[in-house]
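Enquirer: Using the sequences plus the hints, can you model the full thing?
Top line first, the protein sequences correspond to chains A and B.
When the count follows this note's numbering, it moves up by one through the first sequence with no breaks and lands on 164 for the last residue.
When the count follows this note's numbering, it moves up by one through the second sequence with no breaks and lands on 164 for the last residue.
Since the hints were derived computationally from the structure, they do not count as laboratory data.
Be aware that one or more of the hints could be misleading.
What the hints assert, rightly or not - Stretch by stretch, here's where chain B covers chain A in the computed footprint (C-beta under 8 Å, at least three residues):
| no. | segment |
| --- | --- |
| 1 | 53 to 67 |
| 2 | 72 to 83 |
| 3 | 110 to 116 |
| 4 | 120 to 130 |
| 5 | 133 to 144 |
Keep in mind it's a predicted model, so treat the numbers as computed, not measured.
Glycine residues also receive a C-beta, built at the ideal position from the N, C-alpha and C atoms.
There are 2 protein chains.
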Amino acid sequence: MRIVTGAEADESAAREANAAFYAAFRQGDLEAMDALWARDEPVLCAHPGGGTIHGRIAVIASWHSLFTHGPPPIDHSDDRVTIIRGMAFVSCVEHIADRRLGATNVFVWEQGRWRLVLHSAGLLSQDDESIDPGSTSGLLH
Amino acid sequence: MRIVTGAEADESAAREANAAFYAAFRQGDLEAMDALWARDEPVLCAHPGGGTIHGRIAVIASWHSLFTHGPPPIDHSDDRVTIIRGMAFVSCVEHIADRRLGATNVFVWEQGRWRLVLHSAGLLSQDDESIDPGSTSGLLH
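Expert: Okay, structure coming up:
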């Protein structure tokens with residue numbers, strides 16, 4: 024029998040919450056998306072290319088607007104969970120058609136589940152993932 | 024006499040830590056940059072266009088590499104501090120020449136100062152900051 028520690032259980036649940044986020048995203052399921060965001064904490068959301076949106080009402084409205092236009096066929100990979108002071112920082116790569124984006128999703132444990140306080144995503148350079156400000160890959164820093 | 028509460032003091036100190044981060048960035052000051060990152064917590068860093076970098080050694084190495092190429096003339100504005108479960112989430116707009124980037128910097132209170140656990144930045148669309156996946160502004164979601 025394998026012992027699952029609390030930390031492992033947290034990480035596994037955070038991975039599931041991240042997958043649930045992308046499922047709601049892909050399906051344009053506003054109710055599921057709403058349920059995934061924290062209610063007792065302030066929340067922030069930075070869609071790619073857009074400024075940071077503050078506050079639950081504005082964040083959920085942004086998802087509503089996005090879903091109204093038709094949610095993108097988004098998928099995710101490379102999920103990595105880092106627990107910092109009891110919060111789950113999940114980094115992953117988002118895939119929309121042939122574009123890749125880097126994302127960070129931060130969850131707090133609230134009412135028995137992981138709930139989002141931050142979603143932040145930005146387009147990844149096409150040619151590589153290295154940091155080389157001298158390259159022509161479009162990295163600014 | 025104005026009473027400054029703990030929360031206000033935290034926010035003010037987080038704003039100062041964020042300014043110190045951009046000062047170290049602009050000046051290419053690796054020692055100051057190193058001192059700004061947490062030592063007792065895991066850290067993550069997503070430079071624009073690049074994948075997420077995990078771990079203190081790799082993150083500091085990325086700043087070393089970036090500074091070796093010459094730090095960009097970066098400035099910041101629109102700083103907004105949100106305290107979530109004792110951590111400071113600072114969103115701001117970065118300015119490098121005529122480009123604007125959206126950034127989220129997350130700090131933990133460690134050894135009497137705010138220290139970074141996450142820096143994440145991505146290019147903002149040139150034409151507006153709205154979220155409109157139907158627009159031609161390059162937003163993917």
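Enquirer: Could you run down the list of hints and mark each one as holding or not?
Expert: Quick rundown of the hints versus the structure:
Beta-carbon proximity to chain B at under 8 Å applies to 3 residues in the segment 53 to 67 of chain A; the threshold of 3 is reached and the given coverage holds. Judged by the Cβ-Cβ criterion of 8 Å, the segment 72 to 83 of chain A is covered by chain B as claimed, because 6 of its residues qualify and three suffice. Remark: the segment 110 to 116 of chain A is confirmed as covered by chain B, as 4 of its residues place a Cβ nearer than 8 Å to a Cβ of that chain, reaching the required three. For the segment 120 to 130 of chain A, the proposed coverage by chain B is satisfied: 5 residues have a C-beta within less than 8 Å of a C-beta in that chain, meeting the threshold of three.
With 4 residues having a beta carbon nearer than 8 Å to a beta carbon of chain B, the segment 133 to 144 of chain A meets the requirement of three or more and the stated coverage holds.
Violation of the numbered hints given earlier is absent; every hint is satisfied by the structure.
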